[in-house]
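*Asks:* Residues per chain, in single letters:
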Amino acid sequence: MPIPELEKPIVKGLIQKDKVIVDGVELDGTWNAFMIERTQTGYDPTVWDEIANTLEGVTISACWQCGTCTSGCTMREYDPNYSPRGFIDLARKGDKQALIELQNSLWRCVSCQKCTHRCPKGVLVEEVVHSIHHYLLKHGLVKKDPGTVFDELFLETVIKNGGRISELTLGAAAAKAGMVTLSLKDLINIGAAILKGGLIKDVLRPNRVKNWDRVQKVLEEAMKEEVVPE
Amino acid sequence: MTLPTPYGKVAFYPGCALDGLGKSYDVSLKLVVQDLGIPLEKIEDYNCCGALEVKNVNTMAGILLPARNLALAREMGADAVVSACPGCHYSLSRTQYYLTKYPKLREKTNVYLEKMGTKNYDLKLMLVHAVEYIYNTVGIEAIKTKVKRPLTGLKVAPYYGCLYVRPKSYTLAGYMKMRDDPERPFFMDEILKALGAEVVPFEAKTMCCGGPHVYSDVEVALHLEARILKEAKRNGAEILVTDCPLGHVAIETNMEKIAQKYGEDLRTPLAYFSQLVAFAFGHSPEETLLTANITNPMSVLKRYL
Chain A
1 MPIPELEKPI VKGLIQKDKV IVDGVELDGT WNAFMIERTQ TGYDPTVWDE
51 IANTLEGVTI SACWQCGTCT SGCTMREYDP NYSPRGFIDL ARKGDKQALI
101 ELQNSLWRCV SCQKCTHRCP KGVLVEEVVH SIHHYLLKHG LVKKDPGTVF
151 DELFLETVIK NGGRISELTL GAAAAKAGMV TLSLKDLINI GAAILKGGLI
201 KDVLRPNRVK NWDRVQKVLE EAMKEEVVPE
Chain B
1 MTLPTPYGKV AFYPGCALDG LGKSYDVSLK LVVQDLGIPL EKIEDYNCCG
51 ALEVKNVNTM AGILLPARNL ALAREMGADA VVSACPGCHY SLSRTQYYLT
101 KYPKLREKTN VYLEKMGTKN YDLKLMLVHA VEYIYNTVGI EAIKTKVKRP
151 LTGLKVAPYY GCLYVRPKSY TLAGYMKMRD DPERPFFMDE ILKALGAEVV
201 PFEAKTMCCG GPHVYSDVEV ALHLEARILK EAKRNGAEIL VTDCPLGHVA
251 IETNMEKIAQ KYGEDLRTPL AYFSQLVAFA FGHSPEETLL TANITNPMSV
301 LKRYL
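Chains as they are written, first to last, in full-length UniProt numbering: chain A, 1 to 230; chain B, 1 to 305.
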């Protein structure tokens with residue numbers, strides 16, 4: 001369990017003071033020994049409060065720390081630092097420092113939903129982890145990761161593209177953002193599939209929602225809204 | 001003449017994937033329901049459900065995009081929404097879950113839906129995946145009677161993807177008789193067996209393909225996909241059958257990279273389950289768009305022509 005760096009570590013034991021005066025009387029011997037303060041500080045309780053007050057993060061309080069989520073986690077097999085149980089633990093303690101140190105792992109959830117599915121307490125683990133990640137991003141504590149960049153690109157493509165996307169429009173947008181690397185052979189294969197499947201029409205003129213302008217306006221208004229779980 | 005469904009009136013939500021590279025899924029699914037005589041009426045003017053990405057960017061957008069589709073389905077008078085893509089099935093179910101649980105969110109959503117020009121959403125929809133829909137509506141015996149081109153001896157590995165039954169809190173898998181088994185789904189196995197195909201033991205049925213991170217975390221995605229293919233190969237599958245356009249497209253487009261990185265013998269052709277069903281029902285490879293799949297499943301299927 002890492003202890004926040006900015007704070008002094010816990011030192012156990014006693015300190016002996018050379019000179020102690022109480023009510024004008026100088027004390028001596030064992031009276032000069034004091035116990036060191038042992039309250040651990042540096043944890044920020046507002047982290048839990050804020051996450052538990054989001055729609056996705058509200059179930060964080062139900063967690064039992066049994067570890068069922070982490071033991072079956074798909075990502076855990078590839079990234080030993082990835083631990084939904086651990087993230088929830090740290091977020092509840094409010095150990096921002098430790099969460100920041102885990103920033104290269106935190107974003108890597110592949111949304112396979114095993115954790116949420118198997119949680120015996122009904123914690124929406126996948127959503128809670130995203131909520132913790134979102135908290136750190138919102139407060140500027142971690143830098144933007146490729147996963148978030150792609151998620152934002154996805155939403156942007158949906159809005160720009162008239163409410164609908166395809167792998168093709170999304171792929172084109174991702175390529176523009178420098179995210180896709182396809183070999184020549186891949187391109188030939190995909191190109192052939194597009195031609196044979198008659199998708200060429202859709203590439204040239206992608207489908208749009210008919211009254212998208214109106215929907216888009218409302219959507220953009222709604223996106224400014226703060227949502228609380230009630 | 002179309003058969004009534006146990007779900008009442010059904011609206012079909014194709015989702016964006018079926019308009020894009022998943023077109024062969026769309027086309028073949030239409031052929032299958034036509035042959036089986038069950039209805040599949042598309043929701044007009046639907047929008048993207050936000051898949052797995054939008055909800056991570058903005059909470060309200062993640063709720064509102066699927067909610068609009070649900071409201072449109074209710075406007076059609078539907079009692080159930082059938083989605084072919086497990087990602088869409090998941091996002092619609094997720095919205096349904098949140099709207100049911102949080103009345104104030106529901107009120108807010110309804111205000112926005114009205115501004116968008118659709119009706120209020122009254123939560124009276126059942127959300128169904130296309131595999132469950134076919135399995136529960138016509139049953140295995142009806143599928144058997146329609147088979148004109150039995151796929152005897154074809155070794156298939158059915159790949160359901162993660163979101164077909166997960167999480168149970170959203171999809172309600174395992175809570176109802178009409179839902180598939182949440183840990184070991186078998187509806188697609190049964191459908192494929194009805195075509196005469198041999199379903200190989202395949203434990204990677206619901207293993208994740210890393211779909212949402214194919215662009216941002218490509219190494220992990222390739223590794224996960226290679227594991228699915230290895231598992232299929234190990235059990236002697238000739239073809240990987242999918243019901244998830246995200247997994248299908250991710251594995252198909254990455255096949256060359258996987259083969260280069262993890263061994264040439266991992267190359268396996270992929271087909272949507274509906275393509276195989278339509279093919280077995282006697283439709284030509286061109287009609288079912290089996291010829292358009294990137295991994296060329298006809299190399300295996302041509303012996304049944």
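Quick caveat, the hints were computed from the structure, so don't treat them as lab data. Just to be clear, a hint being listed does not mean it is correct.
Said to hold, decoys possible - Below are the SDA-like pairs computed for lysine to any residue, each with C-alpha atoms no more than 20 angstroms apart in a straight line:
no.	chain 1	residue 1	chain 2	residue 2
1	A	LYS185	B	LYS115
2	B	LYS104	A	LYS185
3	B	LYS257	A	ASP186
4	B	LYS115	A	ILE159
*Asks:* Of all the hints given earlier, name the ones this structure violates by number, lowest first.
*Replies:* 1, 2
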